[in-house]
Every structure is written in C-alpha cells, then in structure tokens.
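Heads up: the sequence lines are chains R and F, in that order.
Position one of the first sequence corresponds to residue 248 (the numbering used here), numbered consecutively onward.
Position one of the second sequence corresponds to residue 48 (the numbering used here), numbered consecutively onward.
The hints are simulated quantities; they were obtained by calculation from the structure and are not laboratory data.
Among the hints, erroneous ones may be present.
To be verified - Stretch by stretch, here's where chain F covers chain R in the computed footprint (C-beta under 8 Å, at least three residues):
id : region
1  : 357-371
2  : 389-403
3  : 457-467
4  : 510-520
All values reported here derive from a predicted model rather than from experimental measurement.
Built from N, CA and C at the ideal position, the CB exists for glycine as well.
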Amino acid sequence: MSDRTIARTRPGMLRHPIHLGLGLVALTVAPAAAWAADAYLPIVLPVTGFMSVEGGSQRNGALMAIEHAPASLKAEAPVFDTGTSATGAATALDKALSEKPALAASVSVFGTEMVAMAPMAQDYQVPLLTISGLAQLTETGNPYIFRFLPNDREIKVAHARYVVEKLNKTKPALIGDTTAYGQGGFKLLQEDFAKLNINLAMAESVEPDTRDMSSIVAKIKESGADVLVIHTVAQPMALLIKQARTAGLDIPIVTSSSLVEPQATALFDPAELKSTCSETPSAPEARATPEISAWADAYEARFKQPPDGLALGQYDGVMMALSLIAGGATTPDLLAKALNTTTYKGVAMTYKSNGKGDMAHNAEIVCWDGTSRIPKIAADYSGDELTLK
Amino acid sequence: MSLLQILFNSLALGSVYALVALGFVLVVNATGAVNFAHGDLVMAGGYAAVFFGSWLGLPLILLLPLVAVAMFILGVAVCFLAYFPLLKRPPSSVFISTLLCGIMLENGYIVMFGPEIKAGPPLLTTGSLDLPPISLSIQSLATIGVAGLLIALQYLVFFRTQLGRRLRAVSQDREMAQAIGIPAFTLIAVTFGVGTALAGIAGAVLSNQFFVSPTGGVSLSIYGYIAVVIGGWGSILGAVVGALIIALFQVGASTVVPYTVATGGLYVALLVILFLRPQGVFGERVQRRV
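Use the sequences and the hints to build the structure in full.
Listed below in structure tokens is the structure:
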C-alpha cells in the first residue's frame, strides 16, 4: 500500500504504524517539544519552467523564513521542483508529503499547479501555504489552503478602482493572456469595470508566447483607449509595454503584479516605464516601512538579488506557520485551526483568515516615474475597499 | 495600421522565423531526422548574444560571427551526442534524443543565466525611421537584411557549389554517397553545425526585440516545423515562404480578428494545405519504393 493510500485512511500524522508509534511516544513524553525539534515543511514549487522566476522568489521567501525560524524550532524544508506543470506539481507534492509527516508545505504561486495540488492537501490533511492569486482556490471549501497574497477577486478591484477613481480614465483597453491566471484576472477585471460603470474600449487576450505585439498595439490605438490595463504573465507584458512605447502609444499603463518583479523591470530603461503602474500585494523594493526596509536589506544580502512581493508574501506565510508551531500548533490539524483563527502581524501586512483561507487583504498600486526602476507607492487599498457591490 | 506597415512587420518577424526554419531544413535534408532541440538551440544563440553583449559591450552586428562560431561548435556537439550514436536505430530514437537534448539545454540555461527573461543587444541601434504612413524600426530593418543575406548565401552554397551538391547527395542516399567517396559523416556534422549557427543567429537577432528565456524555444520549434510542412519538406524556398505565412497570420490576420482567432486560422490553413497538397506548397510528390 502506498503512503498516499495510507494517508487517505489514516489522517494527519498517524498515517503509518511507525508514525502511530512516534505519535504515541510524542503524546506521552513531550508532544510540543518533539514536533518543535523536527518540523518538516517541504517547499513544492516551480524552480524550472516558465514560472521559475516567480517560483524562485517564492522559494527564497520560504527558505529565508525557515532560516529565521523561532529559536526553539529545528525546521527542515527541502525543495521539490514542480517544473511548471500540473502533473509535475501533483507528483512533487505526493513525494514531499509521503517522505515524512509534514506540518505544512509551501506550495506553488502558479494557479494551474495549485488546482492539481489542492485535493492532495485534503488527502494528506496538511495545510498548504501559497501565494497563488487564483480566486477559485479558496472558494471550493478546502480547509487546508491558506493564501498569503490577496485573492485575485480582491486585488483586481484595486486594479480597476485605481484606473477609474485615481487616474479618472473612462475608456480602458484590457489585454489578458490565455493562461488560467490570465483568463481568471481578465474576467474579474471585466466584471469590476462593469460594476464601476465603465465600458471597455477594447478587450483581447494573447497567447503567452506571442512575440510581435504590433497588431494589438494598432488595435489599442484605433480603439481610442485612454489607459491600457494589462493582466498577463511577465513576458507578454514586457513585450507589449516595450512595443507600445516604441510605437508611440503614450497613454498610462496599469498592469498586474508581474511587472514589479525586479527581473521584469530590468528589461526596461527607466524612461520606458514612465506613466506605468502596477498592482501588487506589497512592494518591498519601495522600502515603505522600517520593517520592510530591514527585511529587504536582509533578503538582498542573503540572495544577492532585489526583493519582491512574492518572496515577502511567502516569507510572511511560512513565518506565521512557524510562529504558530512554536506556540503549540504541533500537528497539521492544530496548525490549520490556528491559521484560521489567529491574527498575525507580518512584515508586509497583518494577516487574518476570512474563514476560507484568504489571509491577505491589502493591495498597493505602485508607479514608476521614468527616472528609476524602483517604483513608488501611489495608492493603498484594504478591507472593504477591495470589494465592489 | 496601414497595409504597408503590416507587410513590413510581417516581413521582419517572418525573416527570423525563416532563419529558424532554414536551420531545421538543413538538418532534415542532411539526415532525414527532425531535430526537436532546434528551438532550444535558437535560444542558445540568444543567450550567446546576451553573454557576449554584456561582456564586450558591442552592437550585435559585430558579435554575430562570434555567435555563429560558438553555435557551430554546439551544433557539432549535438550531432555527436544525439545523432551519430543512434544512426542505426529507428528515426524515433533521434526524435527522442534531440528532445532530451532540448530539455537539458533548457535546464542548462536556468543554471547558467537564471530563469528570468533576458534582452540582448540591438543589431545596430534602437529607434526607428518615420516614413509616413509607416515607421521602420532600425532593428527590424537590420533583421530583414541579415536574414536576406543568410538565406541567399545558403541558397548559393546548396545549389551552386560542390559542397552543396555533396550535401544533397548525402541527404538523398548516404550509403551511395559514401560509396563514391563523399565523407558523409563529416558533412552531416558540418550540416548540424551550419544549421545550428543559423538557429543561433536567429536567436541572437530575436534577443533584443523579443527577449530570450529558457523555455522560449519550444514555440519556435513548432513554428519551424510548421513552416517546413507548409513550404514543403526539405525545400529551402518553401521554408522561407512557410515562415512568412506564419508571420502574416500572427501580424496581419491578428490586426483584423482577435489574436487567438488568427492563431486558430493558422492551424486551419495548415490543415487545408496538408489536405489539398500534402507535400507542401513547394514540395515534390514522392513515392517510396517497395
């Protein structure tokens, strides 16, 4: 019988006779101390494939949290590569969780992979700590999914509201991509603009490997749009912005969070980013608070690369889990319960579950002024501001 | 967008696809094998441009010979690793071995250059020439020039030189060519090298306007394959025309219909061509001997 089958029949840490024995010993001797001495939190995310930039940042955040774990904890967090595929993700998570009893796992930013991994969290009854924005993840009643970046359903509200209420634009051109992430956000933005009584000047999706954007740029120009709203992964976004600016399209551009990645902004001359903004859950590179500034400095020193919001989101998520484990949440079920009921002040923001596993409820809009690749915070949204009736 | 602008943009993109497809055709012609690592070798050229560009700080046009030499060596290495050891195995073995080479290259790029997207140096300079009603990007103009020169050169070598005649002889019947004293294996290795050099130059040219990424070659392999199928298996002229047709769909058709519809249209056109003319637009009808 495979470990996974055992997991289905015997939930939690007691899914194998050896684990049962260990569990009994732990219960009779010193349960918290036993878990605290050996907390296994595997990291299962895309290190290779087209989401490897985002996955790399996420991995760094998780590793940094493990290195900053409370002194009473000896945490172990091996990295498993999902290869940016749903099947790779399911296989990697199965391997990670069947090796030894895990208290939680840091899992992929990529929604397509999360769809494959989410049912396994229920099989193994292990909390998954993710930063994937895909709205449906926390809308299916799975009690083991905990998301430390805002749900796209919330952050797209900030995206649309900034365009309409701060920039006062009335004719947005909306461009998405054909990935699950791209289509999810594209649909939410269409709904949000409709709720704000805004008719789109045009709306179209491109494939993520599209190279020549001249036809899209021509359509945007012909539509008379007064702002370009983009919700895509990094490569088509960078190509579209570059080619739009080269073609003389000088309307403001407001993008999804991929542009905030330092690797994405490195593709531009600072001047090319003028009048460009992006939604992001947090912008550690802007170093807006002393806590974020200290964290960003530590991150740069550790990984020799600029920090980003994905790394910070995963860091906060893993740190919250580690703090709860150190505080006595010494089994996966106790940890899941604690994650659902505890309010935690992280580096980026304060995290609190909405009862569905959505922990983060803040969004920022950052803008570039054309003189630097470091953006400045232009607007901040939280709580009810992230809901449209 | 004016018709002239659409044609110019299509020609610029099609030129790069043509270079990709030509390298593909060269190997097909010399070996009868499909090199599924070809798109990843295009990316190798892009990364070579990024590396040499940041190291030497020169415009790409001066770096192209360096890129071509490096890629030639890589192509010969791929031939020795993925083709020669499987020469007597079924063709599917070569498909798999080149596919695996491609996967190893992709992961090699991640290790050496990181997973992020990179931009290479421009061929000459950035900017554009405004000639109303069209705007001619200098990078695109230089791309068309480089591609045109290389296509003409390849045509001359293949059809006007002794080397070309020998290469064609090897592709038609390797054993007979060997029997009359042609060094078939040397020529096959040279063909892999030249095909890869062309792929590398395409990647280097792509790297400035369209970036390079570890997995960016996958779609280029597909476009190269489609161009060859549309144009006619093994036809140099066909590969160029096939590449231009792909670019016309991606740039021209997507101007009047949604991009996803234009992409769908490309694949429908491919099916129609395969149905009406299975040998491709410029391919010759062949019959196998029993």
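Checked hints:
no.	hint	result
1	357-371	violated (count 0)
2	389-403	violated (count 0)
3	457-467	holds (count 8)
4	510-520	holds (count 4)
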